[in-house]
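Q: Chain by chain, the residues:
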Amino acid sequence: MTTVASTTAGLPTDGAPHLSHLDVLESEAVHIFREVAGEFENPVLLFSGGKDSIVMLHLALKAFAPAAIPFSLLHVDTGHNFPEVLEYRDRVVARHGLRLHVASVQDYIDRGVLRERPDGTRNPLQTLPLTEKIQSERFDAVFGGGRRDEEKARAKERVFSLRDEFSQWDPRRQRPELWQLYNGRHAPGEHVRVFPLSNWTELDVWQYIAREDIELPGIYFAHEREVFRRAGMWLTAGEWGGPKAGETVETRLVRYRTVGDMSCTGAVDSDATTLDAVITEIAASRLTERGATRADDKMSEAAMEDRKREGYF
Amino acid sequence: MSVPSGTTGSTGSTGATSRTGATVDTLAFATAGSVDDGKSTLVGRLLHDSKSVLTDQLEAVERVSASRGADAPDLALLTDGLRAEREQGITIDVAYRYFATARRRFILADTPGHVQYTRNMVTGASTAELTVILVDARNGVVEQTRRHTAIAALLRVPHVVVAVNKMDLVGYEESVFAEIAGEFTAYATGLGVPEVTAIPISALAGDNVVEPSAHMDWYGGPTVLEHLETVPVGQDPATRAARLPVQYVIRPRTAEHPDYRGYAGRIVAGTFRVGDEVTVLPSGRTTRISGIDLLGEPVDAAWPTQSVTVLLQDDVDVSRGDLIVPSAAAPALTQDVTATVCHVADAPLTVGQRVLLKHGTRTVKAIVKDIPSRLTLDDLSQHPHPGRLVANDIGQVRLRTAEPLPLDAYADSRRTGSFILIDPGDGTTLTAGMVGDFAAGATACGR
Chain S
1 MTTVASTTAG LPTDGAPHLS HLDVLESEAV HIFREVAGEF ENPVLLFSGG
51 KDSIVMLHLA LKAFAPAAIP FSLLHVDTGH NFPEVLEYRD RVVARHGLRL
101 HVASVQDYID RGVLRERPDG TRNPLQTLPL TEKIQSERFD AVFGGGRRDE
151 EKARAKERVF SLRDEFSQWD PRRQRPELWQ LYNGRHAPGE HVRVFPLSNW
201 TELDVWQYIA REDIELPGIY FAHEREVFRR AGMWLTAGEW GGPKAGETVE
251 TRLVRYRTVG DMSCTGAVDS DATTLDAVIT EIAASRLTER GATRADDKMS
301 EAAMEDRKRE GYF
Chain R
1 MSVPSGTTGS TGSTGATSRT GATVDTLAFA TAGSVDDGKS TLVGRLLHDS
51 KSVLTDQLEA VERVSASRGA DAPDLALLTD GLRAEREQGI TIDVAYRYFA
101 TARRRFILAD TPGHVQYTRN MVTGASTAEL TVILVDARNG VVEQTRRHTA
151 IAALLRVPHV VVAVNKMDLV GYEESVFAEI AGEFTAYATG LGVPEVTAIP
201 ISALAGDNVV EPSAHMDWYG GPTVLEHLET VPVGQDPATR AARLPVQYVI
251 RPRTAEHPDY RGYAGRIVAG TFRVGDEVTV LPSGRTTRIS GIDLLGEPVD
301 AAWPTQSVTV LLQDDVDVSR GDLIVPSAAA PALTQDVTAT VCHVADAPLT
351 VGQRVLLKHG TRTVKAIVKD IPSRLTLDDL SQHPHPGRLV ANDIGQVRLR
401 TAEPLPLDAY ADSRRTGSFI LIDPGDGTTL TAGMVGDFAA GATACGR
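As they're listed, the protein sequences go chains S and R.
First residue of the first sequence: 1, per the UniProt record's numbering; consecutive thereafter.
First residue of the second sequence: 1, per the UniProt record's numbering; consecutive thereafter.
Just to be clear, a hint being listed does not mean it is correct.
To be verified - The following label-pair restraints were derived from C-beta to C-beta distances:
#: 1; chain 1: R; residue 1: LEU311; chain 2: S; residue 2: VAL249; range: 23 to 29 angstroms
#: 2; chain 1: S; residue 1: GLU137; chain 2: R; residue 2: ARG138; range: 41 to 47 angstroms
#: 3; chain 1: S; residue 1: ARG229; chain 2: R; residue 2: ALA66; range: 47 to 53 angstroms
#: 4; chain 1: S; residue 1: VAL249; chain 2: R; residue 2: ARG251; range: 51 to 57 angstroms
#: 5; chain 1: R; residue 1: GLY69; chain 2: S; residue 2: GLY246; range: 32 to 38 angstroms
Unchecked claim - Heads up, simulated DSBU-like pairs for lysine-lysine below, C-alpha to C-alpha not over 35 angstroms straight-line:
#: 6; chain 1: S; residue 1: LYS133; chain 2: S; residue 2: LYS62
#: 7; chain 1: S; residue 1: LYS133; chain 2: S; residue 2: LYS244
#: 8; chain 1: R; residue 1: LYS369; chain 2: S; residue 2: LYS62
#: 9; chain 1: R; residue 1: LYS365; chain 2: S; residue 2: LYS133
Just so you know, the hints here were simulated from the structure itself, not pulled from any lab data.
Don't be surprised by glycine CBs; every beta carbon is placed ideally from N, CA and C.
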């Protein structure tokens, strides 16, 4: 039988030190990164230059230290990305000597495979370039920064989520996820989407960024920007297609809560110029992150579920 | 400045802060109960009354409720996230919800009530420290209540709450509550559930969920939320024998780290210290810990549930799937496994079937040698030699593995005593396994 005498000698009487909830979330995410590195042939990390993917990259760097991250990055470039974010992306990739794959929506439009939507948003157009890149590069595990607190359909996601050869999600046929025993088995052509930040909330992400002193693109902090009003949101004026006739540009003090495509990601009025000020602002906000800034989630009650079923991240 | 005794100095952690700035911990809990017992309403009420629902989410619920002609917002709409769930008005799959109060952060596994989704309750309970089982005050303890209580007992969920719901429909009568609470507690205690708390509530009206009820002066206990905020968390597995499943070998092979060879994993039990004599299983090689890295920072000791990288004094062969344990407290190796299982796949598990078994970080071939019994959840009787287990069945299984495994009993460790069976053909997760016989209490009740 097992005995514990030799290992408990010298333990403080109050047991193990208390781990903060950020310590626990960090440890869990690292465990997930290492499981994937141990079980898969060709993983890739979706990296948009947004705060969630920046936190994922930070966790991956810690998980394999002092060795390099054993996988590459993939960015789906809508062609409407914020220049500050692309600059950040390229700087981070160079600093850590990473390999970056880019799936370009603009290429698909130029080739006539995808057609611009009447509303100008390119978010739903990302699915095809993403899934074709996954197939052509034979990625078998794709890390995404999705969190279950974001949206009702995401609340149903597994940590390891099997996608079929068409990258489709079927919420009714998900594998039960028991204890911390993640099942990564998949057939050739299938892949697994992996969500190391599943149990994090928006506030956790910001608290972790503050604790670890992680650099972010400047658009997350309050700055003056030329914006115009559309569908209740402040959109950045630019060559992507705004403003239209009847929409007026004005200069406002704003910041971004999420970073996505310029055509559908709204800025919020804010004077938060520091991490502490951002955290205070989010803790007091009565709007969810996506409710405040994402037009595409409002298209229908099941917008996210429908896009995820098709292969969106 | 003094550092709280519980803080790990080496990580530079400043502790987590809630919206009000206090240090918080996390309680993972699951809900269970029969269909129409008001589970989604309870969850919606908990989220709503703890002010965890934000304006845009509530507006969406109000909009849909109004378009269906309801006079009040249907709080169940906050949680039923899939098209099919909204269409049918039922919960199909486990959903995870997050909310926080000034005192604690919560991860809620919201599990469906239908009999055919028993496996989802098992999924939710596998990581929960507490289960809330709902009972309709008009119906009392029913078959599904017994089934869910038995599962909580089998999975050794440390705390069980019975929430007697719809008290508004029985005139808030103390005698109704007392009878149900008494019957439930006797049943759960018989199954070996260590702690039962009974709370009379109305999820619809909001009685005793977050705010104390004005209709039940006779009840002096906590509300559901107060209980969730104060129940002790963490079983302190640090005092158990140490266990580190090796996930990955870190070998930088760089000029800066030419000889670094670290064994990465998450500590599931016990304490590891630099200098400890350890054994690597299944090979049985013995060496000492020469260093521990906590995500890049060297430390003297590490605890559950930290993800660490361990360096060993001797160049022994260690790879993914191995288990590092203290030499003085090593589990026995075995190729013959007796376990209590819950079958979670649609295709049955049969005697003679070849499967894969994942335990910790190790996946090995196995064969189902025997299925000695199946538990009838209605009355907890055991049906001998059923030949096979179908979806949602709970039974005993004997397995023979192709390689020896270092197994602990599930009663001693929910982490190193659990495993899953996988279909080697298509990768389906077939079965959730708990090493050891049926829980003692369940056997005693098994007649």
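Q: Next step is simple, just say for each hint if it's right about the structure.
A: These are the hints, each one checked on the structure:
no., hint, in the structure
1, R:LEU311 to S:VAL249: 23 to 29 angstroms, "violated, 59 angstroms"
2, S:GLU137 to R:ARG138: 41 to 47 angstroms, "violated, 58 angstroms"
3, S:ARG229 to R:ALA66: 47 to 53 angstroms, "violated, 26 angstroms"
4, S:VAL249 to R:ARG251: 51 to 57 angstroms, "holds, 55 angstroms"
5, R:GLY69 to S:GLY246: 32 to 38 angstroms, "holds, 37 angstroms"
6, S:LYS133 to S:LYS62, "holds, 27 angstroms"
7, S:LYS133 to S:LYS244, "holds, 33 angstroms"
8, R:LYS369 to S:LYS62, "violated, 43 angstroms"
9, R:LYS365 to S:LYS133, "holds, 34 angstroms"
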